[in-house]
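If you read the protein sequences in the order shown, they are chains R and S. In terms of this note's numbering, the first sequence opens at residue 1 and continues consecutively. In terms of this note's numbering, the second sequence opens at residue 1 and continues consecutively.
If you're looking for bench data, these hints aren't it; they were derived computationally from the structure. A few of these clues could be false.
Not close to chain S: a few residues of chain R, all C-beta gaps over 10 Å, as computed [as the list claims (entries may be wrong)]: (1) G13; (2) F48; (3) L185; (4) M349; (5) L401; (6) Y402; (7) Q425; (8) K430; (9) S486.
From the structure, some residues in chain R lie toward chain S, with a derived Cβ separation under 8 Å [to be verified]: (10) Y142; (11) G149; (12) V154; (13) I162; (14) L166; (15) Y179; (16) G356.
Where is the CB? At the ideal position from N, CA and C, for every residue including glycine.
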Amino acid sequence: MVNPVLLIVVPLGLAFLVPLFGLISKKTGKYFPILALLFNLLLTIKIFPQVLSEPIHVNIGGFTPPFCINLVAGPLGILLAFLIALVGLLVAIYALSYIKEKNEEKYHILYLLLLTGATGVVLTGDVFNLFVFFEILCISSYALVGYFGDKAGVESAIKYLIQGALGSGFILIGIGLLYGQFGTLNMADIASNIHSVEPISIFVPLVLMITGFGVEAAIFPLNAWLPDAHSSAPSSISAILSGIAIEVGLYAVVRIVFTVFGASSIMMFLLFLGVLTLLTGELSAFNQENIKRMLAYSSIGQIGLIVFALSIANMNGITGGLFQLISHTLGKALLFLAVGYMIVHTGSMNISSFEGMGKKMPYTSFFFTIGALSLVGLPPFIGFPSKFMIVKAAIFKQEILYTVLIILVLTATVVEAAYFFKVIQAIYFKGEAKKEKRNRAPFKVLIPLFIFAGLILIVGIYPKLITNILESSAAELISRTDYIKSLIP
Amino acid sequence: MSFAEFLNNYMYYIGAFGLIFIGLFILLTKKNLVKVIIGLSIMDTGIYLFLIAIGYVHEGTAPIFSKPGLNAEGMVDPVPQALVLTAIVIGVAILALALTLAVKLYKHYGTLNLRKIKEQKW
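So here's chain S without its partners, still in its complex pose (with noise of 0.2 Å):
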């Protein structure tokens, strides 16, 4: 298999996985809340595009058997784009939360940096 080929074959999954890693990346490291949140973000996208990937099938068309001739090889797996829907409507409701506790603790701290935060020690 040549690179070409491999990279056409996965370049979905490698897209998202880059994502997931990038999002961690930036959730493990950075001291900015909304930083933070932004990365947790980016890590929801990069599932939501992993899972789509699941059911992609190049150049198919939409799951409904309107016109003759049609046949199920041909069609994207319409499960995951279900799935990604849920997921997305989940990840909006966490980020609305998310940013909507950032605002509380800045009003209350003054700051955004969770190095300085730290009332509640372990």
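Just chain R, with the same shape it has in the complex (with noise of 0.2 Å):
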């Protein structure tokens, strides 16, 4: 059996010893991102069938549960750790060419600890060393925001900070209220014991780490560091904040509600705030002049739609919550992706400086236009499957209130498509046709472009290659009772 310990050991090991090799030459830091998560990639492909019949429990330490710190690689965890470790590649593969700077090393190091985190915090099965994942996740994120140290990077990163460190306080007061109740802090033996107390005592615990989770998955009110932090940074770092660092706020936020506190009747709290994030986020992005802060806003717009999608909480919801949060994953980080060679060939961030793009970098345009259009939603791409099953949830659920705010979604999404189109345009049918050089990427950075654009098409043509998997990872946060049994027999 493969120790799915691994997937967090290797990266973490690897990161540390960048700056060691940097000794012998300064230009092998670079593969090492690459090396760490190709080694992740296939091994979360090699154990997918172990887990998918049943999750694989990892107790360090020779303990068994609840006194030992432990790992759970449940169809969830290894479905988030797959995305982590195949967007993570891929943009290590677009950074070989597109971070120049002179302290490459420092990039590659973070870059390492950022993905660490993240894999950390989707596979752990103890509320305390959530924690400490998500802060090596967020702290390493701090600084990868102001690594160009640019007046608006640093600025952003500053602000992102002070936000997120204010949320992880929150959080830690969390656990300790969480302790001091139960004397545990493994997830599943919190969750046996959770309604054997008053209402009031856990709902405390569970607003704070709401609150303190939601600073980094960007829930409405908590969301004001996002579009400066993901405008002002490196591009290949926007892409890795926007697909994955908010995604696994979002996880810590979901794992907490539906698996350590059972909290159904939050649900109807959560909704509103999903489509109260969307319609922010989608209306924000729409008046926006620098594209990558468009963007932002659009994750922000795409994060209230998972919300959304999620709290409808059961089946049907949640399948289609994860659908589209891979979805949004592949599509922003192409898009970010693509931006960015745009921003280094104009030397600007205005949509207006893209004008005529389509001639000039024509290979990058298209990838930009296929992400674009998969988050609109359009047939063939990801993004149709993955909202046509969240509209066919919330229908499903036959109640008027779920119709309303469906409505309400579904004109957010046709706001989005209104400032993707103005973009696309901008793109191929303004400014003069005259024949220009052209100006491709490099080669190394087309790879990558392709290979989400093509991961895109194919699952958007056949989504059914991967709805098995996500209704197993949706049944896990279904069934809670399932998911404590495994742990504490």
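Combine the two chains into a complex, taking the hints into account.
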């Protein structure tokens, strides 16, 4: 049996080997992320069949739960670990030629630590361990936002840091309150005792933890940092932040709400929060001039849609939400990477400077268009089946409230389509059509873009490829008694 | 329960949450970035104190069965202390990064007044 703990240990170990090998040659640093993430990708693929039949539990230190720190590699955890490894690997290939600063070693160390933290969050089965991995993720992303050290980057990084640190303080208070009441930190153990105390005394830690993780997940009133941080970070980091960091924050919220607290009464609140996040995100994105800021606001909108779908809290809803999560990760990573090289080419983030880009950078523009159409939700791309599943879940609920909310959601999608088509129009149909020298992005950059676009197309045409995995992941969230029983006999 | 008895039982929690709210107040109201970071640090200290207070046993000893006749009731819970050690390390990392960014921000803007640093509009 392959031990899932390697998914965390290998990137962590390789991250600290980067400066050591840097003493021999400065060039080696950039290949470490590729090595580590390729390993993770292959390992997750190898243990997928095993996990689908039965979750793998790793008890660290040889004690049995609830006395040890444990890792739970369930279908949901491994699915997200796979996604992190895949996106991380492709972005690392992109960064080979994108990151050319002097101290590129620092970038690669922080990048590996960020992904280690993300993998740890999705695999852990212990509340405090969740907090620690979450902090590894957050601290490395604060540093990476300000990596270029320019005016905008540093300002956004400090804004992000202060809000994030406040959020993690709240999480820690919540963990303290939970430990004080239950005397344990194991998620399954807390979950099995959660209804034995008065509702008010678990309400306070629940609210504190949703607030704390919600800062990273960019749920509506807590997302002030996101547009700044995503637009001023290096494009490869924007792709990771948008495609992985906020999804991992969302995973933490979902894991806490569904598994640990089993709080079905808070779903209605999250439902409205999701729709509110969606509307504010999409409407703010509509009148942005800066393309990266527009994509950042679009991420807020997409997160709102995912929160909405997950809060429907039945099989269809959660499956649709997870599908939308995957579709957003692939689509938004592709968009940020494509836009990254367009910005390198034009030197400006303004949408109007992209006019005539369809002639100048045909491949990059083409991949950008695929990503945009997928996020809008047009067939045959992955955005279509995922959004369709969410609409289906809301209508099958057969309640007037859900029908009204899904109408709002679809309205927001139309707004999304409007601003993406505005950019596509600028790329292909504006600007003079004079023959310019074609300025292609380097080959190393086009490979990850091509793979992302290919995945979007393949899963979009044949969604059955992953619905099976998504359904067993959703089942893991819904049936919390099974989760508890598998750990605490 | 008399007031003195109440204080005796809950002093640590009152102190911890007092520090947390003082830190939160500084964080939310001060304009100077360094003061904001100090507020963050005070808030973190309050949280550490709160965690320690959870595991505190009056006149308890270290949880090591070194001498015969020791029983578990008289021992301090070691888990919150382990948590606090980890949390302090994380807090130091955040503090160091925040101060580094503050230095960089001062180089760019020549001021630490957060009301004047607003190039990134909402």
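Those earlier numbered hints the structure runs against, lowest number first: Violated: hints 3, 16.
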